[in-house]
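Spelled out from the first residue to the last, the chains are:
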Amino acid sequence: MTKIINSVTLDIVKDSLIAIGNEVFYSFARTSMSPIIYETLDYACGIADSDGHLLTQGNGACGFIGLISPMIQAVIDKFGKENIKPGDVYMINDPYMGGGSHLSDIGMMMPVFYNGEIIAFLGNKAHWSDVGGMAAGSFTTDSTEVFQEGLRFSGVKLMDSGEICQPIVDMIKSNVRFPVAAEGDMWGQIASLRTGSKRIIELCEKYEAGTVRESMRRLLDQGEIVARKRLSECANGTWEMEEYMDDDGYGNPVLIKVKVTITDDEFIADYSGSSPQVVSPINTGYTSLCAGAKIVYMSIIDPELVINDGVFRPLRVITEPGSILECNAPAPTSCYFESMLYAADVLWKAMAPVFPEYLGAGHMLSVCAVVLAGNHQDTGVPFLIVEPTGGGWGASAAKDGEVGQFCVGDGETYNVPVEMAETRYGIMIDEYSLHTDGAGCGRFRGGSGSVRKYRAMSDNQSFTASFGRNKYPAWGTAGGKDGSYNYFEIFRADGTHEGPMGITARAVLNTNDVVNMVTCTGGGYGDPLKRDVNRVASDVRNGYITLAQAKKDYGVDVDPVTFEAVRKEEN
Amino acid sequence: MRIATDIGGTFTDLVSIDENNGCMVNQKSHTTPPNFEHGVLDVIKKSELSPKSIDTFIHGTTTIINALTERKGGKTGLITTKGFRDVLEIARCNRPDLFNLVFHKPEPFIPRYLRQEVAGRMTYKGKEAEPLNIEDINAAVTYFKEQEVESIGICYINSYANDEHEHKTAEIIRSLWPEVFITTSSTVTREWREFERTSTVALNSYVMPTASSYLNNLSEKLEGIGFKGKSYIMQSNGGTTTFDQAKQAPVNMVESGPVAGVYGAAILGQIIGEDNLIAFDVGGTTAKCSLVDNGEVKVTTEYRIERTDSYAGYPIMSPVVDIVEIGNGGGSIAWIDEAGSLRVGPESAGALPGPVAYGIGGTKPTTTDACLLTGCLSADNFDNLVDLDAVKDAVVKNVGEPLGLNANEAAMGIIRVAESNMYNALKLISIRRGYDPREFTMVAFGGGGPMHCASLARELNIKKIVVPVAASVFAAWGMLMTDLRHDYIRTHISPLAEAPVKEINDIWQGMQEQAEKQFSDEGIPVAQMICQYYVDMRYIGQEHTVKVSVPTVPLKEEDKEVIKQRFHEAHEQAYTFRLPNSGVEIVNYHFVGNGGLTRPKLQKISPQTSDTEDAKISVRPVCFNESGWLDTPVYNRSKLGSGAKFSGPVVIEEKSSSTVIYPGQNVNVDQYGNLIITEEAE
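Taken in sequence, the protein lines are chains A and B.
The first sequence finishes on residue 601 if you use the numbering used here, and the numbering steps up by one all the way, no holes.
The second sequence finishes on residue 727 if you use the numbering used here, and the numbering steps up by one all the way, no holes.
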């Protein structure tokens, strides 16, 4: 009898740990003051064991995958476990340390003590609307050093044995543009850590610390078992892929390169040979690069697995310090997600032919991040939009690509409804529709991107955007054609026009200037001439492609009235 | 005579009550897809009730949710503001299946070529920025006629703030095409968020033809057998409406059946004097729980059909009773995952092939099978002859062998994992929302609720459990007790401190008038209507809101302070903290109108006079968590009178259910025949 109680009890405790992870995740979103957190869910919460190994992570955005444990480890390394006391909270956002991304993502971690011993660590990381620096919203496209990007915390004690370090809070509030939101989110993050800590202690009280520790070990081991099992079923081999990502912001090409090796028990992504770090803020630190690789790794291993460090044991990510994928201080990293997502994309492209059941053609890739600051036309209250833009995804072996979705680095991320945006921000939205350019043709068609038009309703608004994939289209695969590019353009009230372009910093918009943001159609999969004739007819009827495209790209004549379709015989 | 008929996946249930003498009748017959009304007539016939004697007919149906999930609605067109026809297809851009890079996004119910745009624009303040383009409407109608659509939905940007353009559009369409079904978004909801509202309209328009023909058929058939009373249909908000209103807003009926049990729990609570309840319903495939706070059933507008952990689903913005449902019921299958852990559900053996114990082809072990092996259920209480060896083999082969356990250990493991899943769901609706289960009474029903309630209540420190009479058909009983209910929700954002009281009262007044009209259309005198007022509020800067009840309407300036205090309290309860110095604002106004109908009285049972030994079926070994195997007396519930008392361990059996009471717990039968389980005083 004892034995079953053990194995079943361990599973029950394990499930409870996962449930705690979910609870702290959702409780934080609901109390946040920042739209980027509560709508975009640009944050993550995780639980780690007493050595800092990630046990479970609640994710809103994939880009945060696996960033929690390196952050915890960085704090342990800096302070020493023996100096960490109950009730301490540490703050960390250093891009060059463990768990770093860009300064806007504030990490916090806290130890959980039970009977005088550390039983676990809790960590979370959230995108604050503003952390100071040269531009509203802190992240910008023209910074050249990290010092322009806001406050940098290289592992700083924020709470000492349960007491808040007020000088740090005062310093933060004096140096950010939205101090109320910043303080609100700071307390939200602390509250979520405390809730998690309380739950873990409850779990120890109910099942005893030994059982909880044993369950933690089981969780990590099981993750590893499944991952290695899956790897052993994969074909072994080495694959290489390289691609240019747009440019460094000054017209110079930037190369991203990967060599993937799969053995029976390892998955190695070696990014050696990628370009050195650049002066524009598209560099990434090492742990964010790993996050990019982990997304693709997870999609192959098992998308439904609980995220923990056991699952990642077989994964190795190699790069060179000083490269764009492992930059050194003080390289700017505001838009680190551009190189991180390109790194994910080359890995994806390298693996797509190997795992067609898990990986389709290329997608919109970029976050297509928009920062818009100004004053509301009716209330005069300052507003700040920090948001991603949805675009087209690639087709795959069994289906067409999805339309108007956020990029792979996002996830359970929500767009801001038009009706809320018009209430809260000084804009009217003239259009939110699909970008039906008919690109990405194939046996399965790439999904359409989107068109979003913001009309400024007050003067002196400041528009910043980073739309990567503005030079090289979303790639097709298995004979499918390429999709299109992301861009935006500005239609001035006086009738002049600027763009299309992919990057801008603090462009001024005045009343009735309209910025038109357009995202790409994803890549196609398979030979377009093999696309089902009825699907082509339906594409035309629904306006995803034109009659001319049906004829030229798919070899199908469609009747514009009856939508009857016939494929021309191949000559 | 009042009767309720509830169409379920397998059975159509009937419960009736004679208001004169409190006499109740239960009956079941098979559900008859696709002509569900036949099953209703069958069950009435089988019950031998005279249709002429039925004054009130209350109906719960899965017709609407079935038409949606099986995509069997009518051909539907959508009219949107120019520039926004793709809102329905783009949705919210979210991807719950985070790491699946070949995920499926929900496909819109209305394809792109049937979505037409009309110029005309309102601002967020409800001011007209561009007049409505009549030409565009005419063109859309012509096109939809060519396409032979049956139903048209209309949803314009910012119509929650001003619905004039929608009304005008509907009027024009009606004049050009009187036969077509029409839904405007503002008649279904006036909350903001255009995607969710458009989705609600799309789904409503899509099922309107189905709802209409179903309800018309049913009415005709009922009249055909001589029924002359009033008929009502159960809505997802826990109240009823007339057939005529239901045809206009069928989307309000998606959760028609499941919510009745929660409502029933609230009513039972009133009768026995309990305000704070946790309704716990375990059926064949799922377990559902919901919280009744201070006598009120909680509703939400964040409902989505077909939503799972990995699929975004389709939002319906109408009020639905807040239920947490998990894939763990009596038929849930136990299995070993890839990493070697025992799991139960969400896959269910359903009615076919069913648990191994049913002997109709099931080979995979289920929770029901495990309960047989641990003695919680008796093979004698099944309709069929149970092959216990087959049950044992299935448990050993699928669970025992992989884990190195014998049959009984494996069975106990299955029950523990299933109960752990239920425990997490119960925590989700209580502790996680800031409620302390110790202050709640559990009402356990459905076939499986009475079996698991005692162990779960103990884990949660719940002090009292009620297992109602006829626990397995309790949802239909709840339906019998329902009242007419309509919800009106309107988004209008204003900081509480600065909002003029007159503006607030005008909004309430407008909703009140709308309700009065709707109720008088349903034949309810205005004076009889019972009104409740709520506001959804938040701290300025936050997004998510908390619902707060409003003390009196019309509101006076000093009432604002009361509302503010209630909000701080509710926020702290839900989210563990308050921000006393932060400004607060109203986001939504929520008005609830109830019909004020009188409820039938419950019949009392006769007192226990004879020795309870007469009701004893047997003594059998039952395996309990922690205590292990104990010889346990088993009683027949139908032979127990009020006042009968036992101490655990004890099992009380009834048709299609069995209540398990743990050592250290007491049970007594109350005057209505409910089983009341309490922890022995410590």
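Because the hints were derived from the structure by calculation, they are not lab data.
Cβ atoms here follow ideal geometry from the backbone N, Cα and C, with glycine treated the same way.
It cannot be assumed that every hint is accurate.
Claimed, not checked - Some, not all, of what chain B presents toward chain A, calculated at C-beta under 10 Å:
| hint | residue |
| --- | --- |
| 1 | Glu-446 |
| 2 | Leu-448 |
| 3 | Lys-592 |
| 4 | Tyr-717 |
| 5 | Ile-721 |
Unchecked claim - 27 Å max Cα-Cα, derived BS3-like pairs, lysine-lysine:
| hint | chain 1 | residue 1 | chain 2 | residue 2 |
| --- | --- | --- | --- | --- |
| 6 | B | Lys-127 | B | Lys-266 |
| 7 | B | Lys-547 | A | Lys-228 |
| 8 | B | Lys-547 | B | Lys-601 |
| 9 | A | Lys-228 | A | Lys-287 |
| 10 | B | Lys-97 | A | Lys-483 |
| 11 | A | Lys-483 | B | Lys-172 |
| 12 | B | Lys-172 | A | Lys-236 |
| 13 | B | Lys-266 | B | Lys-97 |
| 14 | B | Lys-273 | A | Lys-236 |
| 15 | B | Lys-170 | A | Lys-228 |
| 16 | A | Lys-236 | B | Lys-127 |
| 17 | B | Lys-508 | A | Lys-483 |
Verification of the hints:
1. Glu-446: 13 Å, violated
2. Leu-448: Holds: closest Cβ of chain A sits about 6 Å from Leu-448/B, inside 10 Å.
3. Lys-592: 13 Å, violated
4. Tyr-717: 36 Å, violated
5. Ile-721: With a closest approach of 27 Å, the Ile-721/B hint is violated.
6. Lys-127/B to Lys-266/B: Distance ~45 Å between Lys-127/B and Lys-266/B Cα, so the pair is violated.
7. Lys-547/B to Lys-228/A: Given that 27 Å is the threshold and the Cα spacing comes to 46 Å, the pair is violated.
8. Lys-547/B to Lys-601/B: Within the cut-off at roughly 9 Å; holds.
9. Lys-228/A to Lys-287/A: 45 Å, violated
10. Lys-97/B to Lys-483/A: 62 Å, violated
11. Lys-483/A to Lys-172/B: 20 Å, holds
12. Lys-172/B to Lys-236/A: 59 Å, violated
13. Lys-266/B to Lys-97/B: 13 Å, holds
14. Lys-273/B to Lys-236/A: 59 Å, violated
15. Lys-170/B to Lys-228/A: 44 Å, violated
16. Lys-236/A to Lys-127/B: 59 Å, violated
17. Lys-508/B to Lys-483/A: 58 Å, violated
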